[in-house]
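Keeping their order, the protein sequence lines are chains B and S. Everything in the first sequence is counted per this note's numbering, starting at 1 for the first residue and increasing by one. Everything in the second sequence is counted per this note's numbering, starting at 1 for the first residue and increasing by one.
No lab work stands behind these hints: they were computed from the structure. Be a bit skeptical, because a hint or two may be false.
Claimed, not checked - Cross-link-like lysine-lysine pairs, in silico, PhoX-like; alpha carbons within 25 Å at most:
no.: 1; chain 1: B; residue 1: Lys145; chain 2: S; residue 2: Lys246
no.: 2; chain 1: B; residue 1: Lys176; chain 2: B; residue 2: Lys69
no.: 3; chain 1: B; residue 1: Lys69; chain 2: B; residue 2: Lys178
no.: 4; chain 1: B; residue 1: Lys198; chain 2: S; residue 2: Lys198
no.: 5; chain 1: S; residue 1: Lys176; chain 2: B; residue 2: Lys198
no.: 6; chain 1: B; residue 1: Lys145; chain 2: S; residue 2: Lys198
no.: 7; chain 1: S; residue 1: Lys198; chain 2: S; residue 2: Lys69
no.: 8; chain 1: S; residue 1: Lys177; chain 2: S; residue 2: Lys69
no.: 9; chain 1: S; residue 1: Lys26; chain 2: S; residue 2: Lys69
no.: 10; chain 1: B; residue 1: Lys176; chain 2: B; residue 2: Lys304
no.: 11; chain 1: S; residue 1: Lys246; chain 2: S; residue 2: Lys304
no.: 12; chain 1: S; residue 1: Lys176; chain 2: B; residue 2: Lys49
no.: 13; chain 1: S; residue 1: Lys69; chain 2: S; residue 2: Lys304
no.: 14; chain 1: B; residue 1: Lys26; chain 2: B; residue 2: Lys145
no.: 15; chain 1: B; residue 1: Lys145; chain 2: B; residue 2: Lys198
There are 2 protein chains.
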Amino acid sequence: MKNKSNRIFRYRNYPQILAGAAAVGKTEGEGPLASSFDVLNPDDGVGCKSWEAAEAAFVTQAAEKAIEKSGVAPSGIDLSFSGDLLNQCTASTFGLRAFSIPHAGLFGACSTFALALGMAAMAVDGGYAAHVLAVSSSHFCSAEKQFRFPLEYGGQRAQTTQRTVTGAGACVIGQKKKQSGVFIAAGLVGKITDRGVKDAANMGAAMAPAAKETIAAFLDESETVPADYDMILTGDLGSVGSDLLKELLREEDGLDISAVHRDCGNLIFDPYTQDVHAGGSGCGCSAAVVSSRILRALQRKELKRVLFVGTGALMSPVSTLQGEAIPCIAHAVLLCSGTEEGEVLCGSKRS
Amino acid sequence: MKNKSNRIFRYRNYPQILAGAAAVGKTEGEGPLASSFDVLNPDDGVGCKSWEAAEAAFVTQAAEKAIEKSGVAPSGIDLSFSGDLLNQCTASTFGLRAFSIPHAGLFGACSTFALALGMAAMAVDGGYAAHVLAVSSSHFCSAEKQFRFPLEYGGQRAQTTQRTVTGAGACVIGQKKKQSGVFIAAGLVGKITDRGVKDAANMGAAMAPAAKETIAAFLDESETVPADYDMILTGDLGSVGSDLLKELLREEDGLDISAVHRDCGNLIFDPYTQDVHAGGSGCGCSAAVVSSRILRALQRKELKRVLFVGTGALMSPVSTLQGEAIPCIAHAVLLCSGTEEGEVLCGSKRS
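Next up, chain B with everything else stripped away, as it sits in the complex:
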């Protein structure tokens, strides 16, 4: 239930993440989170005739694995929320085409997975669905082709660019079965934020103000402080955007999140041994990281409260060529290792 003048969705029935799974490509499988992923593909083409078909195959892999791990029969999944970066979100559509699950398409660019978790939690919390699949994907080769240049062109990428993650992440969200487990306690839908950044080779700078807006709004309305969270996890600002986010929150809101801030784009690749410039990005980046390493840490109670803030750049190649700035958005969900951890939102302000 939501109070007037309060943007936070409070999921009072504690929808539970029953399982998560990630399927990734070669570079991701050579990175620091390799041991957490469920499916490591040695070839980013996964035997498909196009990069777009390959991306759809990653969606299928992650969704199948998450459903299998959840213990829910495929016919028991009532609804799916999914989206991706491809034109007309075809990776989601083609990747889920064979599933026979009612499908609500989302678009939030790289923020899509956070939006999908929030919408899935709403559908379960409100009693509209018993089991919901949330999935999103991206692919380095399909994204380069669509947003920048085909790989064959061999273009040089600026140091501020991020590498689109090849992979997909999926979670199955269901009604609370027991007190333990990982719950989605709250969500917050972001506002379109545009501070005039036009450099499509610096998405981190474009997206940082949107992440700032969402984090500041969530902390303010929940009357919490950064120390109330084990992790404030953005996805995917990369190294450039992460620094800007911390600077903006410090200067404009007096908030210091540096002790608890992590970014999915910084976690998925090793900046020293992998040539990924400013880190990872793409709808598949935070989806894969949250559905694997972060979910597992919550399951083991190594993390108790994670505020996951997905960030997306809502431009298209056409809008960029037309000289438009890059509107961005960030959606948040609060992930908790037990129902009691969600009570932070109902408590009084920390001093």
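Please build the complex by placing chain S on the supplied structure of chain B, with the hints as guidance.
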């Protein structure tokens, strides 16, 4: 609340459509529904430098007008659901950028407005938001440029093609204030349906099976028959797809909807005086028709129960060039002229 093995979302708190508005282009303003639309633009470019910017301007017009008519202060709109056909849904993003409303992006191609109404109803019904904006748009010129050929090329269009509507429609959905008014009583999220149609110049044929799946599922699960509705309104199958839909329902499900079936793509243009081939289409078509003429007829109780079934073709130009078939989807919402009209779903089966 939703029973197990039942796909229908039953909105027990009767979220209300407080107001709707439509902004359309020149051809639409010369059609049979002209007197119902709120904003008639004499120039499809509406003073913008690009067709994409013009489409965003239609979104802004429709959203502003719907909010104004609803009587809700702009700052009182808690959430928006929107989407369009452009790559990366930029008409929605740029059209709503200045609104400072939390924004959840949707993608369902031409089914987007039905999906937006369903999601808005869920957010209001579940108590997560008090006032929600649902909006979607399309533009003949931006769609031709992106999906087919730029207008300057002067290509000939097949007789099975539909004309993408230039326009946008918006509704404001809020919590029930009184017994009278127009309510969203139920919703149903469609399944991705693909019967192998590959002809991107015949969307009606591609989408008809998806509409069939959704209508048959809704009637079956609600234990209702076509005669329980004043109108089963698809959007947008056009003339070719509408005939196929009726044939499929008759042959595969033994259902005859011909007495109550209408299609937004057939309503918005005059097939005799306007050269629109198989009728209208686009995210803006059903959005504009439902937000104006249909909503008004419900408000005046000229229509009491309308099952609105938005239909979308989820392909991209790339998937079509790669030889893929066209996966389609149809989402349904039940619109009622009073709370008692929604009780059809809770009653016993008509004989």
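Is the straight-line distance between the alpha-carbon of Lys176 of chain B and that of Lys69 of chain B 25 Å or less? Judged against 25 Å, a Cα distance of about 17 Å means the pair holds.
Lys145 of chain B paired with Lys246 of chain S [C-alpha distance capped at 25 Å]: violated, 41 Å
Straight-line Cα separation of Lys26 of chain S and Lys69 of chain S no greater than 25 Å? With Cα atoms ~23 Å apart, Lys26 of chain S and Lys69 of chain S stay inside 25 Å; holds.
Tell me if the straight-line CA distance from Lys198 of chain B to Lys198 of chain S falls inside 25 Å. Violated. Lys198 of chain B to Lys198 of chain S sits at ~37 Å, over the 25 Å cutoff.
Does Lys177 of chain S pair with Lys69 of chain S here, judged by a C-alpha cut-off of 25 Å? Holds - the C-alpha atoms of Lys69 of chain S and Lys177 of chain S are around 16 Å apart, at most 25 Å.
Would you mind confirming whether the straight-line C-alpha gap from Lys145 of chain B to Lys198 of chain B stays at or under 25 Å? holds, 20 Å
Holds or violated: Lys26 of chain B and Lys145 of chain B, Cα atoms, limit 25 Å. Since the Cα atoms of Lys26 of chain B and Lys145 of chain B sit roughly 18 Å apart, the hinted pair holds (cutoff 25 Å).
So if I understand the rule, the pair passes when the alpha-carbon distance is 25 Å or less; does Lys198 of chain S with Lys69 of chain S pass? Not satisfied, since the Cα-Cα distance of roughly 42 Å exceeds 25 Å.
Quickly compare the C-alpha distance for Lys246 of chain S and Lys304 of chain S to 25 Å and report which way the hint goes. holds, 22 Å
Tell me if the straight-line CA distance from Lys69 of chain B to Lys178 of chain B falls inside 25 Å. holds, 17 Å
Hey, Lys176 of chain S versus Lys49 of chain B, does the alpha-carbon distance stay inside 25 Å? Answer violated: Lys176 of chain S to Lys49 of chain B is near 52 Å, above 25 Å.
Within a Cα-Cα threshold of 25 Å, do Lys176 of chain B and Lys304 of chain B meet the stated pairing? holds, 17 Å
Checked against the numbered hints above, the structure violates hints 1, 4, 5, 7, 12; every other hint is satisfied.
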